[in-house]
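Put together the whole structure using the sequences plus the hints.
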Amino acid sequence: MKKKAGQSTLEFILVSVLFFSFTFFHFKLSVLLAFGNYVHYATFMAARALLSGGSSEAEQMDSARTVITKMLKGQGGDRFKAIAKEDGPGIQVGSSSRLNRQERSLTWLYGVRYSFKGKLFMISPGKAGSLKDQDNQLSLVSESWLGREVSDEECTTYIQTQSAAFELDNGC
Amino acid sequence: LKKTSRPVEAIWGSGTTESGQALTEYIFLLATIVSAFLLILNLSRTLGVGSILQKSYAEPFQALYRTGDAKGRSFEDAKGPNRHARYQACSGCFRIFFNPDVYP
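In the order they appear, the protein sequences are chains A and B. Note that my numbering has the first sequence beginning at 2, numbered continuously upward. Note that my numbering has the second sequence beginning at 12, numbered continuously upward.
Treat the hints as calculated values from the structure; they're not laboratory data. Think of the CB as a built atom: it goes at the ideal place given N, C-alpha and C, for glycine as much as any other residue. Treat the hints with care, since some could be wrong.
Unchecked claim - Covered by chain B, per the in silico footprint, the following chain A stretches (three or more residues, Cβ under 8 Å):
no.: 1; region: 43-49
no.: 2; region: 106-116
What the hints assert, rightly or not - Calculated pairs, BS3-like style, for lysine-lysine (alpha carbon to alpha carbon, straight line, at most 27 Å):
no.: 3; chain 1: A; residue 1: K74; chain 2: B; residue 2: K82
no.: 4; chain 1: B; residue 1: K90; chain 2: A; residue 2: K82
no.: 5; chain 1: B; residue 1: K90; chain 2: A; residue 2: K29
no.: 6; chain 1: A; residue 1: K120; chain 2: B; residue 2: K82
no.: 7; chain 1: A; residue 1: K86; chain 2: B; residue 2: K82
no.: 8; chain 1: A; residue 1: K71; chain 2: B; residue 2: K90
no.: 9; chain 1: B; residue 1: K66; chain 2: A; residue 2: K82
no.: 10; chain 1: B; residue 1: K90; chain 2: A; residue 2: K118
no.: 11; chain 1: A; residue 1: K118; chain 2: B; residue 2: K82
no.: 12; chain 1: B; residue 1: K66; chain 2: A; residue 2: K86
no.: 13; chain 1: A; residue 1: K29; chain 2: A; residue 2: K118
no.: 14; chain 1: A; residue 1: K118; chain 2: A; residue 2: K71
Said to hold, decoys possible - Anything over 10 Å on all C-beta distances counts as not near chain B; from chain A, calculated:
no.: 15; residue: F13
no.: 16; residue: F28
no.: 17; residue: G37
no.: 18; residue: M72
no.: 19; residue: I92
no.: 20; residue: T162
Structure (structure tokens):
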């Protein structure tokens, strides 16, 4: 062997696959966690919009949807698609399947939910495809249940059912 | 007596070196290491090590992200809620965040 320079290059290539895959794993996980905090904030802001009074329930839901869409979506779909993408039902505004208006302990399940998933490994540790897709994905769900105030429409409808005389002072 | 050449020179002729041996050994060694590495990777894929790791670190984190507790379960979970901020173990009880005890 006249030169040994090729040996270190070859060893570097072998080690770098592992080294960079774990380095980028930590980087990707950190970015995903930071994005997760942002999604929590987005669902909370949307739930606040849903909570606030409006002329009708549909308008309250539209407001919530507008807020979360503006924060998480862009013109081409997901706003931060390099970090995470919408998963399953994606944005859900309204009631949970467990909402029960008759049972007080289950009346609060009304709000906003966002499901998303992000890749953990940017480079597969080893040869390509050594990790199954589902093992490389972290699926997360962010939800904010703040409830909803009755809308003007619902309030007016309720008042009309009462026999006593009411004076509407926008206090619904 | 006639002077005889060394055994290596007798086979390969004069002027050859033994550097090829180290190179051959290095290739064999490298091939063994790479084969072992690929074998472990393929075996881990076959045995579902990724799924085991996913279950051990991803599921607690998913619960932590959703409910604020690594052992938490949402109200929509098939097993029912657990360690949830709004979970009530009995009628009239309430829970302050993730305190393990239920306050009357």
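Hints, one by one, checked against the model:
| no. | hint | verdict |
| --- | --- | --- |
| 1 | 43-49 | violated (count 0) |
| 2 | 106-116 | holds (count 4) |
| 3 | K74/A - K82/B | 31 Å, violated |
| 4 | K90/B - K82/A | 33 Å, violated |
| 5 | K90/B - K29/A | 32 Å, violated |
| 6 | K120/A - K82/B | 23 Å, holds |
| 7 | K86/A - K82/B | 25 Å, holds |
| 8 | K71/A - K90/B | 35 Å, violated |
| 9 | K66/B - K82/A | 25 Å, holds |
| 10 | K90/B - K118/A | 23 Å, holds |
| 11 | K118/A - K82/B | 20 Å, holds |
| 12 | K66/B - K86/A | 21 Å, holds |
| 13 | K29/A - K118/A | 12 Å, holds |
| 14 | K118/A - K71/A | 19 Å, holds |
| 15 | F13 | 13 Å, holds |
| 16 | F28 | 17 Å, holds |
| 17 | G37 | 6 Å, violated |
| 18 | M72 | 18 Å, holds |
| 19 | I92 | 16 Å, holds |
| 20 | T162 | 30 Å, holds |
Going down the numbered hints, you'll see the structure goes against 1, 3, 4, 5, 8 and 17, while the others check out.
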